[in-house]
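*Asks:* Spelled out from the first residue to the last, the chains are:
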Amino acid sequence: MVGPLLKGLRITFTHLFKPAFTVKYPYEKLDVHPRWRGKHVLKVDEEGREKCCYCGLCEAVCPANAIRIYGEEAPPEKSDVGKIAAIYEIDYRRCIFCGFCEEACPRGAIVLTPYYELAEPEREKLLRTKEDLLEKR
Amino acid sequence: MGMVKVTIDGITVEVPENATILQAAMKAGVDIPYFCYHPYLKPAGLCRMCLVEVEGMPKLAPACVTQVRDGMVVRTNTERVKKVREGIVEFQLLHHPLDCPICDQAGECYLQDITFRYGRATSRFVDEKELYPTKFYGPLIVHEQSRCILCKRCVRFCTEVLNGADWNVYWRAAHSLIGSYESDKVANYFTCNLVEVCPVGAITSRLYRYKTRIWKLEFTRSVCEHCEMGCSLDLGVRENQLFKIKHRMADPSPWICDKGYYAFDYVNHAERILYPLARQENKMVSVEVEDAVSSIADKLKNYGEGEVAFILSPSLCLEDAAAVSSMAKAVKGLVDYRVYGEDYLPVKGNVSDIEDVESAKAVLVVGGDVAVSHPVLALSILKAKNAGAKVGVLSAHDIFLGERVDVFSLLPAGSEEPLIKELLDGNVDAIPDLSDEERSCLKDMLSGELLLVAGVRASSALRAAIYSRSKEKGWKYLFLDRGCNAKGLYSAGAYSEGVGEILNRVKEGKVKALVVAGVDLFNTYPNGSLVKEALESAEFLVVMDLFFHDTAMYSDFFLPITSFAEDGGSVVDLFWRVRRRNPAMQPKGLSRPVRDWLALIGEAMGADVDSQGQVAETGWDPLQAKAELLEVKGNTVALVEHAFYRSARYASWCSRFSEVAESPCAYISEDDAKALGVSDGDKVLVSGKGGKFEFVAKVREGQPKGSIVIDAGFDRFPVTLLLNGSWVAPVELRKA
Ligand code: SF4
Ligand code: SF4
Ligand code: SF4
Ligand code: SF4
Ligand code: SF4
Ligand code: FES
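Which chain is which? The protein sequence lines are A and B, in order.
Residue 33 is where the first sequence starts when you use the working numbering, and the numbers rise one by one after that.
Residue 4 is where the second sequence starts when you use the working numbering, and the numbers rise one by one after that.
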């Protein structure tokens with residue numbers, strides 16, 4: 033009866049002296065795979081024009097209904113095709129990081145990045161707007 | 004008509020002998036793709052998308068133009084047809100930009116759908132595509148030339164339905180381009196139909212441009228609120244905002260007008276008042292619904308018989324009108340809807356529907372510009388003309404219909420009605436400015452079967468004349484009213500002695516409390532100074548509306564009401580049919596229908612407000628009319644009319660639509676122009692009773708000397724100050 037108990041304790045004690053698997057987050061961070069699906073970014077091209085032209089495909093494909101977009105006409109310095117998203121919101125209360133939006137996008141405008149630190153003290157702040165998502169250059 | 008049997012893909016159907024293969028296939032439920040076929044336009048056989056195999060014919064036949072024969076056997080599912088369809092789609096896409104991600108048509112595009120179903124996944128074309136620039140034609144439509152597939156539906160609409168408009172094919176063959184010859188602006192009141200007939204995204208609406216995607220909109224079928232035609236409209240709503248209007252059901256006509264299609268965005272306007280307001284020390288402050296309701300009820304309770312009056316817009320729904328009528332009864336007050344100063348009530352015509360108009364033998368339009376007041380009726384009249392009817396237009400102002408008909412004369416504004424009366428008495432020579440041909444045509448019209456259309460300007464006396472003459476001669480007659488539901492308001496009994504009389508009594512202090520619902524009197528009543536005096540002397544004024552307009556400036560309480568998109572009411576159309584509106588969205592803010600406000604106020608007062616409206620069996624009898632024919636004398640007589648792009652409800656809050664009419668115009672005769680030394684586009688000054696106004700002169704051929712027509716309805720441009728109860732007044736014309 034005591035046998036199995038000692039066996040268990042032995043395993044526990046041997047692990048006490050082995051190096052740990054976990055890291056001291058947030059003081060230490062793990063590297064993630066470059067294709068990790070984290071927070072989205074809305075890409076801009078070399079001239080700083082927004083790539084997204086509000087085709088609405090990401091919005092339509094999103095299984096979690098996390099994307100909300102409205103479009104508008106745009107001058108040539110803002111878009112090469114004359115159309116951009118006026119409102120682009122991703123609701124991280126809903127997003128399941130499936131990456132379908134990236135896959136659907138015909139212009140490579142929405143991309144998921146390895147950035148995963150999305151926690152917020154208030155739920156409302158998980159609704160991210162275009163300002164927050166747009167790639168900064 | 005004989006019926007014939009046709010077999011399509013093994014399905015046998017019986018169709019009329021003049022049907023086409025495409026129509027037979029629709030009946031059989033066999034899908035044949037098409038671009039250029041349109042159910043309400045003549046077949047053209049341009050796109051070749053509908054090619055099918057017919058037994059016994061060596062070549063493939065275009066289904067949209069090939070008539071059926073008895074015993075015809077058609078196949079659409081063979082290898083040959085499949086290959087040809089692939090080829091046609093590949094050809095259509097050779098120079099097509101395929102920018103569906105940007106294109107507003109995506110999701111309802113024929114080319115997208117047909118490519119998806121019948122096209123090949125790849126193209127063999129390797130050269131560079133030939134693309135053309137985007138063209139903007141005024142504030143309403145945009146033409147993406149590269150996306151055009153040259154189906155000519157738009158051009159055919161302009162030639163077949165509008166009987167010619169400045170819209171056609173330029174250049175030839177591979178370089179063909181569609182567009183307007185002369186102008187960078189297309190403003191013919193019906194441009195929205197170009198957007199609707201275009202099967203691809205070549206012609207799209209600028210109002211909707213890029214705002215959202217079609218699949219995000221939820222459509223609700225409702226009825227237009229801008230005129231009595233009551234066109235059926237589909238309202239596209241996303242997140243409680245109205246984004247787009249489509250016209251999917253051909254009721255009453257397959258076509259609609261720009262008012263119905265474009266003049267809706269006021270519904271979402273940021274200036275809309277969504278909470279009740281009350282005046283406190285000369286400022287309007289927002290108040291609670293309960294407080295507003297109880298204060299209004301307390302006030303109204305204190306007034307005696309005849310001391311309260313209600314003025315309503317002729318476009319309120321039947322239920323609202325019934326509620327106002329019953330409220331007026333409860334407080335023993337007055338009520339009227341004739342805010343344009345009309346002295347007539349709706350007369351029931353002996354024309355039962357639009358087909359009766361379209362099949363008329365001869366049509367004579369008098370006393371109003373039908374294309375402005377009832378645009379789609381003008382198209383039906385043109386349809387009658389194209390079917391062989393003789394059509395005449397005799398009016399002091401006309402822009403669209405006159406130049407497309409057999410007999411047309413612009414009458415002097417001051418003596419329009421006496422002249423028409425003389426004509427009705429048989430004196431054709433009284434009408435000025437007619438050629439001999441026109442005169443004899445007019446004589447023929449008067450001696451045979453005739454449909455007389457009395458426009459909205461025609462006074463009660465003229466209506467009486469038309470009515471009695473038509474009865475005598477066995478003619479048909481149709482009397483047009485202003486607003487979209489005058490017949491409903493009449494049915495609900497919402498009339499007394501006219502809005503002018505009410506305003507006079509308010510001014511004299513006999514009526515102390517006034518409730519104005521759904522209308523800015525400064526924009527509609529043809530006597531701006533009377534409106535001002537009345538509103539200033541009213542002891543208590545409640546305004547119910549969407550916007551804080553000039554009338555609301557004088558109000559003690561402002562109650563926000565719902566727009567047509569948020570409310571389900573009924574309206575009675577030109578042919579006395581009851582049409583139901585369906586609410587397409589939730590009421591914004593605390594706005595609610597007029598009847599709901601009145602029910603709350605009624606409850607607080609202990610009065611019962613009933614909003615059950617019944618449609619009247621009979622119309623008004625014009626022979627009761629007491630007034631004289633309208634005749635105005637003077638050196639220069641002006642007729643004031645709302646410009647088309649300012650004649651929609653709440654036009655000032657419709658962004659793109661009202662932009663089409665840039666500045667108010669004055670139509671003047673060539674003689675007057677010469678005498679004043681002005682030419683087209685110069686500024687002229689019109690001064691009269693209540694002020695001086697500057698207009699852009701438009702020198703018009705056929706405009707009688709000493710008679711001008713000036714535009715109303717512009718913002719901060721109260722031309723009604725020139726008037727004195729009717730829309731015609733003596734003025735002075737000068738060069739500015
Ligand atoms: S990752 Fe998936 S769930 Fe998240 S926004 Fe994109 S499509 Fe929607
Ligand atoms: S799919 Fe791409 S281009 Fe289309 S709306 Fe989404 S991000 Fe924009
Ligand atoms: S017209 Fe149709 S196929 Fe062409 S870009 Fe627009 S949606 Fe795409
Ligand atoms: S503009 Fe549209 S309707 Fe007109 S020809 Fe081109 S594709 Fe056809
Ligand atoms: S004809 Fe009248 S009812 Fe029809 S769309 Fe135009 S304004 Fe509306
Ligand atoms: S639909 Fe028959 S040729 Fe275009």
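Be careful, since some hints might not be right.
Said to hold, decoys possible - Far from chain A, some chain B residues (derived; all Cβ distances over 10 Å):
no., residue
1, 109
2, 391
3, 708
To be verified - Heads up, incomplete: computed chain B residues facing chain A, CB under 10 Å, no partners named:
no., residue
4, 104
5, 213
6, 219
Stated by the list, open to error - Derived EDC-like pairs: lysine to aspartate or glutamate, alpha-carbon spacing no greater than 20 Å straight-line:
no., chain 1, residue 1, chain 2, residue 2
7, B, 332, B, 359
8, B, 214, A, 163
9, B, 138, A, 163
10, B, 132, A, 112
11, A, 168, A, 121
12, B, 214, A, 104
13, B, 249, A, 121
14, B, 219, A, 112
15, A, 110, B, 310
16, B, 138, A, 123
17, B, 214, A, 121
18, B, 214, A, 112
19, B, 214, A, 105
20, B, 219, A, 104
21, B, 138, A, 112
Read the hints as simulated data drawn from the structure, not as lab findings.
Even glycine gets a Cβ: it sits at the ideal position worked out from N, Cα and C.
*Asks:* Which of the stated hints cannot be reconciled with the structure, identified by number in ascending sequence?
*Replies:* Numbers 1, 7, 9, 13, 14, 15 and 16, in rising order.
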